[in-house]
Amino acid sequence: MLSKKQARAFFLGGTTVTFLIFIGLTIFSFSKEQDQSNYEAITDQVVRGKTLWEKNNCMGCHTLLGEGAYYAPELTKVIDRRGENYIKAVLMNPVPWQPNDRKMVAYGFSEQEADDLIAFFDWIDDIDLNGFDRIVSPLAKDKINN
Amino acid sequence: MKYKSQKVAYWFFALSMLLLVLQITYGFIMGFARIGMDGMHDFIPFNTARAVHTNLLVVWLLSGFMGAAYYIIPEEAQRELVSVKLAYVQLISLALVGVTAIVGYHFNYWEGRKFLEIPRPLDYLVVLNVLLFLGLILVTLFKGKRKTTTALVLSMGLLFAALLYLPGMLPFDSQVMDSFFRWWVVHLWVEGVWELIMGGILSFLLIKLTGVDREVIEKWLYVIVGITFLSGVLGTGHHYYYIGVNKIWLIVGGIFSALEPLAFMAMALFAVNMYRKGEKKHPNTLALYWTLGSAIISFVGAGLLGFAHTLPQTNLYTHGTLVTAMHAHLAFWGAYAMIVLAIISYSLPNLTGRKLYESPRGLAAFWLANIGMVGMTIAFGVAGVVQVYLERRLGMEFMEVQKEISIHFVVLILCATIFTTGIILYIIDFYKYGKPSDEALEQSAE
Ligand code: HEM
Ligand code: HEM
Ligand SMILES: [Fe+2]
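Going down the list, the sequences are from chains A and F.
Here the first sequence stands for residues 7 to 152, numbered as in the numbering used here.
Here the second sequence stands for residues 73 to 518, numbered as in the numbering used here.
Extracted from the complex, chain A is given alone in its bound form:
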């Protein structure tokens, strides 16, 4: 029968080995050749958009890359779906946006802030999401249905 010593060795050994593999895979994933996110295409404007995204906790209602809250639409591929002008209208609206009664916070962003957020969404749009992009993009709806 297994002894306590062996049980402890199993715990320590298993943890060390898997953790090292995990670190290795992480480094591999972020090596330049493996980049799927167009890291180089991140401009200052994209970063400003990301900051606005975080400062206002948009993730507390929306999902992005499938992460966040389930209360408001997934925003990966939102530009495909709605176009820039629609999104600008949403973001610059001085009263809560609510085409279906469910309310968004009224941010009343300036034109420049709205542009920053759109640049951020635009960068997100080009990420290779291993197939998830097709699930959330209406432009690929025919592919889902068939």
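Please note that a few of the clues may not be correct.
Taking lysine to aspartate or glutamate pairs in the DMTMM-like style, the calculated list, with each CA pair at most 25 Å apart, reads [said to hold, decoys possible]:
(1) Lys319/F - Glu39/A
(2) Lys94/A - Asp50/A
(3) Lys61/A - Asp250/F
(4) Lys186/F - Glu119/A
Hints were generated in silico from the structure; no laboratory data involved.
All values derive from a computational prediction rather than experimental measurement.
Put chain F with the ligands on the given structure of chain A with help from the hints.
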């Protein structure tokens, strides 16, 4: 209780109960918003309610874990806590940082990263607070007469939990990297080091409640936490399928996360078998209910419902839908909320000297809370499956689908009311025990 300093635990538990009530309140705000009753929108929009709901959850669980450590470590190490005064300082600063963060969320002061919304300056205070806590626990442990496996696993869990908070503080320009390292905190907490904490508390409770030999229990504890890390570390990959990193994670994450339920199954089998094996029947049946309940419900909520959406082929469709919320509720409830309620139920009679072991109120609390939570899980689950089908298979608009499923949130609120009734009864019991007292020293059945 055996050591005077264990009394500190009581106040951590009391803080836990208070924050639990607040957490539930914000849960209701979101539930009502989802059926169109969002009268609070101007003061507490959904994203505020959500950040408060999830952060309060984490803080009350942490406060419960800390209370558990302050109760368990002196007893296992067989000595008083090194400093009771500092433990109270730690308690008060924890409460202050928590409250500041929560208040800040109402004024758009946060970081907007799910579960890690606490803004950076407050992060540093959290780190200081946790360092103080760890210092007290670890010094007590190492000055103690013995270092048991139970105490070591519990302390290791707490130490790693603190270390893993740090990757969440790294700044990135890329949303993908941000998300990647957010999981080092969120996933490696709940499917890694928190399981050590749960395992440590579970093993302490089983030793006390069943009377099975410590050597046997602690050997299995090592096996369980071994399986946890073996599967859970690389299992992090199940969050990397569709966020913009290499496809290799579909294979690695898929295989290893599919093994994660084994750790929860082992935990459930372990608890039930030790209970069967035990000769001693401890009179505190309520503590036993919560202990076994935690082991079993965590297997259902984390193990089975986690497995239900962890394979890449399924997760492609369920990723970021209410299916996740279904799993999140039952997993957190079973694994962490119930183990905290278990250690509270076990320690209160010992801390206060009042032996309300078989209170009908306590039993009702157990059943109502669990029935309510299972009902809530089903409501989220049905809403989630319908959402996935309509939105991701049939390609319907997000908001159209939301209208279709809003009825399930009426059911959610009804079940949440049953759940809350249970929690209120539990807290009334807590209150009836009264304050901890030195007269309770040594006289308990332990
Ligand atoms: C009793 C009343 C409760 C209600 C009405 C409630 C309701 C909700 C709602 C509506 C959400 C947001 C889902 C969304 O984004 O649309 C949520 C999130 C969450 N709640 Fe609760 N909840 C309650 C209690 C609890 C309890 C007791 C726990 C822990 C044991 C819990 C843990 C969570 C977690 C972890 C999330 C985040 C889920 C995710 O991001 O996937 N809730 N809750
Ligand atoms: C006690 C243990 C667990 C807890 C408390 C827990 C809790 C959670 C929470 C809160 C989330 C949402 C996180 C976020 O979006 O930020 C989540 C997601 C997830 N969990 Fe768990 N979990 C546990 C165990 C497991 C296990 C054992 C598995 C697999 C077998 C699993 C599979 C998943 C998957 C695949 C997701 C991602 C869902 C998505 O793509 O939206 N979980 N879990
Ligand atoms: Fe996970």
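Here is what the structure says about each hint:
no., hint, verdict
1, Lys319/F - Glu39/A, "13 Å, holds"
2, Lys94/A - Asp50/A, "19 Å, holds"
3, Lys61/A - Asp250/F, "14 Å, holds"
4, Lys186/F - Glu119/A, "22 Å, holds"
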